[in-house]
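K.L.:
What follows is the residue order along each chain.
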Amino acid sequence: MIVVDNLSKSYGSQWAIHNISFSIKRGEAVGLLGLNGAGKSTILKIIGTLMVPSGGTAHVGGFSVTEDPHQVRKIIGYLPDTPPLYNEMTTRSYLNFVAQLKEVSQNNLKKFVDEAMERTNLGPVADSHLSTLSHGYRQRVGIAQALVHKPQVLVLDEPINGLDPVQIVDMRDMIKDLKGDYTLVLSSHILSEITKTCDRMIIVDHGKLVAEGSEASLKEKATKGMKINLEVSHPKSLIAKIEQLPEVISVVESKFEDTAGLVIDTNADIRAQLAKLVVGEGLDLLGMQRTFEGLEGVFMKVIQNSEVAKR
Amino acid sequence: MSKVLLIARRELAAFFNTWMGYIIFAAALFINGLLFNAFAIGSTPKYSAKVLEDFFYFGSGIAMVAGVFLAMRLLAEEKQSGTITLLYTSPLTARQLIYGKFLSAVVFSLILHVLTLYLPALIMMNGKISMGHLASGYLVLVLIGSSAIAISLFASAISSNQLIAGVTGSAFTVFFLVLWMVADKVAAPFNELFTYLSIHHRHFTPFSQGLVHSADIIYYLSVIVFFLECSVRAIEARRWRG
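So the sequences go chain by chain: A and B.
The working numbering numbers the first residue of the first sequence as 147 and each following residue consecutively.
The working numbering numbers the first residue of the second sequence as 29 and each following residue consecutively.
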C-alpha cells in the first residue's frame, strides 16, 4: 500500500532524512519511532504530499506522492501533530466542510459525517464550537477529519501528543479500533504507544532507518548481543567455565558498586544457566542484571549503535 | 467550481463568525461617512456629479484599505493556525484554493459597497445624478478593491503570518498606487509605462466621472488575474521548499 524507496529530504547541506526505504502492506498498522527531530514527521509529510522529497520515491496505493499528489490525497487521511481545526466552526459543520472538501458526495455526506463522529465518540460535542473543546476532544476531531471520507490510508503524526493519561488510554483504544479497516501509519517518540497499537515498528534516528520489525523480532535482536552483569564472590574462578558456554561471546572481569563480578557478552539470555553454575561451584550469587531489557533496550540500543556507526 | 464555492462559503462564514468582518464593516462605513461629509460634500456649493465623483475618489481609498485587511489573513492565518495542512492534504488544487479565497473577499467587499449606497441616495435626494455615473463609479470601486485583494492575497501566500502579510500587501498596493506620481518625475518611456501600471489615476478617473473604457476594465482584470496566478504559483512552490 505504501512503498518508500531511498527517500531523502535535505535542507541546504543538512539531511532531514537520508535513504529511507520501507514498505507497508494493506491493512497493516505501522509505527514510526524515534526521538524528537529524528525525521519521523518529515517522512509522514512526504507520504501526506505536504512536501516533495529531495531524492528517492514514495508511492501510496500505486500513486507517486511527487507526480500524482492529487490522487494520493483522495485515498489518504492525514492528522498533523496539531489538529487543523477552524475554531469558529462547530464539530458537525467542520466535518461537513472537510467531507465536501474530500469529495464525499452529497448523498453520503450525512452518513459519512455521522459515522466519523461515532467512531471517534464525538456525539456529546457535535454542536459545540471547536474553540471550546478540550485537547482530547480536539485530537478526536482531528482523527475524525482524517477518516471522514473513508480513506484507504490513515497517517497520524504524534496522535497522543499532549494528552493526559486518561486521554491517552482513550486515544489508544480508538486507534486499536481503527486497525484493520485502514492501513495505519503513526509516529511517536514513546515506545510503549507504538507497541500497544502497531503490528510493526520502524525506528528512525538522525534521519536514518536504524531498525524495522515486529515487537518479537526486535526483542530477539535485542537479546542477541545482550550483556549480563554477574555479581559473585570469587569471580576469577568462574571465567573459564562461563567461556565454555556456547552462547557466550566474551567474559570480562569488572568491579560494580560494592562488589566484584563479571560482565558477560552473550547471544542469548543465559541467566538461569549462570545461576546454576554459580550455585554448583559453591559461590555466593550477589546479583545479576541484563544491560538491555525489553523494547526500551532495543530502542536505546539502536539509537546508541547508530551513534557509534556515525562516529 | 464547487470547491471554489466551498472554500469561499467557509471563508465568508468565518468573516461573520468572528469580530474581523464586523470591525472592517464598522470602520469602513464610519470613515466613508466622515470623508463624505468633510470632503465630498464639503463647505462650498458643488454639482451633484462632482460630489459623486469625490465620493468615489475617497471610496477607492477605503476599498483598497479594506481589500488589504480582508486579504492579508486569507492564507497567512491558516499557516499560523496550522489549518493550511488540511487544505494542502485534501484533493484541492492551488488554483481552487486561491480563487475560492479571492471570491470570499470580493463578496465581502461587495456587501460593504452595497452598505454605502445610502450616501449616493442622499445626493439623489438633494440633487440629480445619473444611474450610469453611479454604476460606473461602483464598478471601479469593485475593480480597484478586487485588485487590492488580489495583490494582498499574493502577499498572504508568501508570508508566514498576518502581520507580515499586511505590511507586504500594503507595500505592494501603495507601490502600484503611487506609480503615477513617480511617472511625473521620470523621462519617457518610463513615465508612460508607470502611468499605465498604476492602479489609480489614469484607469480610475474616467470611471469616477461616469466614463467606462473597456481598456481600463481589461487593465484591472489583468492585475487581478496576474496576482492570483502568482499566488497559485507561490502555493504550488511551497511543496518543493518543504
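I should point out that these hints are in silico values taken from the structure, not numbers from a laboratory.
Some clues are possibly wrong.
[Said to hold, decoys possible] Derived pair list, reagent style EDC-like, types lysine to aspartate or glutamate, alpha-carbon separation capped at 16 Å:
#: 1; chain 1: B; residue 1: K31; chain 2: A; residue 2: E249
#: 2; chain 1: A; residue 1: K296; chain 2: A; residue 2: E249
#: 3; chain 1: A; residue 1: K296; chain 2: A; residue 2: E261
#: 4; chain 1: A; residue 1: K365; chain 2: A; residue 2: D345
#: 5; chain 1: B; residue 1: K107; chain 2: A; residue 2: D227
#: 6; chain 1: A; residue 1: K322; chain 2: A; residue 2: E389
[Said to hold, decoys possible] Anything over 10 Å on all C-beta distances counts as not near chain B; from chain A, calculated:
#: 7; residue: G173
#: 8; residue: T203
#: 9; residue: H205
#: 10; residue: A272
#: 11; residue: D323
#: 12; residue: E399
Glycine included, each C-beta is placed from N, C-alpha and C at the ideal position.
K.L.:
The structure should be examined with respect to each hint, and the outcome stated for every one.
P.N.:
Structure-based check of each hint:
Restraint check for K31 (chain B) and E249 (chain A): the C-alpha separation of about 9 Å stays at or below 16 Å, so the hint holds. At roughly 11 Å between alpha-carbon atoms, K296 (chain A) and E249 (chain A) fall within 16 Å of each other, so this suggested pair holds. For the hint pairing K296 (chain A) with E261 (chain A), the CA-to-CA distance comes to about 10 Å; that is within 16 Å, so the pair holds. For the hint linking K365 (chain A) to D345 (chain A), the alpha-carbon distance of about 14 Å falls within 16 Å, and the restraint holds.
At most 16 Å may separate the alpha-carbon atoms for a hinted pair to count; K107 (chain B) and D227 (chain A) meet this at roughly 14 Å. With a C-alpha separation of about 46 Å, the suggested pair K322 (chain A) and E389 (chain A) falls outside the 16 Å cut-off, and the hint is violated. With 10 Å as the threshold on Cβ separation, the claim that G173 (chain A) sits away from chain B holds: the shortest Cβ distance comes to roughly 21 Å. With a cut of 10 Å on Cβ distances, T203 (chain A) stays outside the contact zone with chain B, its closest approach being about 15 Å.
Against chain B, the non-interface label of H205 (chain A) holds: every CB pair exceeds 10 Å, the least being about 17 Å. Against chain B, the non-interface label of A272 (chain A) holds: every CB pair exceeds 10 Å, the least being about 17 Å. No beta-carbon of chain B comes within 10 Å of the beta-carbon of D323 (chain A); the shortest separation is about 23 Å. Every CB of chain B lies more than 10 Å from the CB of E399 (chain A), the least distance being 53 Å, so the non-interface label holds.
Checked against the numbered hints given earlier, this structure breaks only hint 6.
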